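Q: Given the coordinates of chain A, assemble chain B onto it according to the supplied hints.
Number of protein chains: 2
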Amino acid sequence: MMDDAAIRAALAAIDVVMVETTHAGNLGAAARAMKNMGLSQLVLVNPQASIDDEAIARASRADDILHQARIVPSLTEALANASLVVGTSARSRHIPWPLLSPRELGARVASALPAGNRIALVFGRESNGLSNDELQLCHLHVHIPTDADYSSLNVAQAIQLLCYEMRLAVSGEELTSHQAWGVEWDYPLATHEQLDGMLRHLEQTLVDIDFLDPNTPKQLMTRLRRLYQRAAPDQMEINMLRGMLAQINKRLPPRSE
Amino acid sequence: MMDDAAIRAALAAIDVVMVETTHAGNLGAAARAMKNMGLSQLVLVNPQASIDDEAIARASRADDILHQARIVPSLTEALANASLVVGTSARSRHIPWPLLSPRELGARVASALPAGNRIALVFGRESNGLSNDELQLCHLHVHIPTDADYSSLNVAQAIQLLCYEMRLAVSGEELTSHQAWGVEWDYPLATHEQLDGMLRHLEQTLVDIDFLDPNTPKQLMTRLRRLYQRAAPDQMEINMLRGMLAQINKRLPPRSE
Numbered sequence: 027m028m029d030d031a032a033i034r035a036a037l038a039a040i041d042v043v044m045v046e047t048t049h050a051g052n053l054g055a056a057a058r059a060m061k062n063m064g065l066s067q068l069v070l071v072n073p074q075a076s077i078d079d080e081a082i083a084r085a086s087r088a089d090d091i092l093h094q095a096r097i098v099p100s101l102t103e104a105l106a107n108a109s110l111v112v113g114t115s116a117r118s119r120h121i122p123w124p125l126l127s128p129r130e131l132g133a134r135v136a137s138a139l140p141a142g143n144r145i146a147l148v149f150g151r152e153s154n155g156l157s158n159d160e161l162q163l164c165h166l167h168v169h170i171p172t173d174a175d176y177s178s179l180n181v182a183q184a185i186q187l188l189c190y191e192m193r194l195a196v197s198g199e200e201l202t203s204h205q206a207w208g209v210e211w212d213y214p215l216a217t218h219e220q221l222d223g224m225l226r227h228l229e230q231t232l233v234d235i236d237f238l239d240p241n242t243p244k245q246l247m248t249r250l251r252r253l254y255q256r257a258a259p260d261q262m263e264i265n266m267l268r269g270m271l272a273q274i275n276k277r278l279p280p281r282s283e
Numbered sequence: 027m028m029d030d031a032a033i034r035a036a037l038a039a040i041d042v043v044m045v046e047t048t049h050a051g052n053l054g055a056a057a058r059a060m061k062n063m064g065l066s067q068l069v070l071v072n073p074q075a076s077i078d079d080e081a082i083a084r085a086s087r088a089d090d091i092l093h094q095a096r097i098v099p100s101l102t103e104a105l106a107n108a109s110l111v112v113g114t115s116a117r118s119r120h121i122p123w124p125l126l127s128p129r130e131l132g133a134r135v136a137s138a139l140p141a142g143n144r145i146a147l148v149f150g151r152e153s154n155g156l157s158n159d160e161l162q163l164c165h166l167h168v169h170i171p172t173d174a175d176y177s178s179l180n181v182a183q184a185i186q187l188l189c190y191e192m193r194l195a196v197s198g199e200e201l202t203s204h205q206a207w208g209v210e211w212d213y214p215l216a217t218h219e220q221l222d223g224m225l226r227h228l229e230q231t232l233v234d235i236d237f238l239d240p241n242t243p244k245q246l247m248t249r250l251r252r253l254y255q256r257a258a259p260d261q262m263e264i265n266m267l268r269g270m271l272a273q274i275n276k277r278l279p280p281r282s283e
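Residue numbers (my numbering), protein chains in the order written: chain A, 27 to 283; chain B, 27 to 283.
Since the hints were derived computationally from the structure, they do not count as laboratory data. Some hints here could point you the wrong way.
In silico BS3-like pairs for lysine-lysine, Cα to Cα no more than 30 Å straight-line [as the list claims (entries may be wrong)]:
1) A:K276 to A:K244
2) A:K244 to B:K244
3) B:K276 to B:K244
4) B:K276 to A:K244
5) B:K276 to A:K276
As the structure is a computational prediction, the values presented were derived from the model and not from experiment.
In isolation and in its complexed conformation, chain A is listed as follows (with noise of 0.2 Å):
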């Protein structure tokens, strides 16, 4: 069993983004909801309410957390370091895409952090959630079991519930079915970032050998980073892929246009 300083710097390494936020209670009830179980890390993605009264109000004794709060621009900028980015979804999408309950993705969370990888739980909208463009960015989306009838829940409120599955799972306080791959994986998880450069490369590859018609894309690169983020590369994996990329690139003829 760990203490709540351990607990805490484990939890240090996830992230809670807030995409475009539109009620300042809700910021604030969020950080109170993270500080409750340990969490302390929150992005802010263009958010369109502010660090006003009504956070600081909700937010009771959490707006260090609110203070501190990382605001950016644009959802990538703000997974740019997340090596596992867990989308909220309530909504049926067209591709099937990889989807854990709030517990799964617990022992999920719990057997990434410890080779010090950072994790993204990215919260939509309080109209409407996450656009599609933005669960494709994810790794895997998370559902929270509801009523069918009645099944949006209020963010803070989804905060509040991964939250607790988070701390649950890595304080070890229930028992969690721990993901185990017999020895310590041994290369970090491939960030955000570099994923979106393999795959950046592989695109412009798959353009010049004539595969992918950029005019007319259709579903393969949405397929293809699905495989890919599926997979979760570590960093070893990305540079063997991209090391494949760059010499196929060498060995191509020069394009007669």
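A: Only chain B this time, still in chain A's reference frame:
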């Protein structure tokens, strides 16, 4: 797996009892949290706030629960028909009392419901929770794990967490270990043979572009196999990868031996 109507019917045996709540917003947020999880029975003991515009606004579309709430003057009256009374407590008390975690409580409640027992979950005042006398009316206590230095949960957040655990326990949603994708996965997973075929094709291509030396292969193919196996590709994804490899083969210049 129960459907939502059956879950709602089972959870209707659980009363959420709020004692002397002072903030109307918390009444609304509690109603919303309950309805999200399929609970419906709210009991207000001597409420210090009224069901006003703020309560309705925070309830979102769960104001039916507010309007149907039973309002009683005393906790004793609220508990009259309950067979299992559970008090929420953050404070240490002088007399040891049965204390469960929210998850343990879920299991306990799930086993008590089929016998037709009525359950009361009792939540205290925003300022100072439940008194010792009130806690002693409870058969058992539940403690939501929190950071010891910041342990005071907002009452609606505490209700959200317990309602979530009640839903999970009653629905059995966590007992079924499933890998879910949000919607049905659209293509069958690749067979071992199909994955092997793609990897052999990849290996030959890597030899052709002089990326892999067949005489000193090191761990390259082992690591690539592990990467793709981890993602468990479907047949469409394997076809995409093989299509990419075929196109690379086609675009390569003939080897100069």
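Q: Indicate, hint by hint, whether the structure satisfies it.
A: Each hint tested on the structure:
1. A:K276 to A:K244: holds (27 Å)
2. A:K244 to B:K244: Given that 30 Å is the threshold and the Cα spacing comes to 37 Å, the pair is violated.
3. B:K276 to B:K244: At roughly 27 Å apart (the allowed maximum being 30 Å), K244 (chain B) and K276 (chain B) satisfy the hint.
4. B:K276 to A:K244: Holds. K276 (chain B) to K244 (chain A) sits at ~22 Å (cutoff 30 Å).
5. B:K276 to A:K276: holds (15 Å)
Violated hint for the displayed structure: number 2, the only one.
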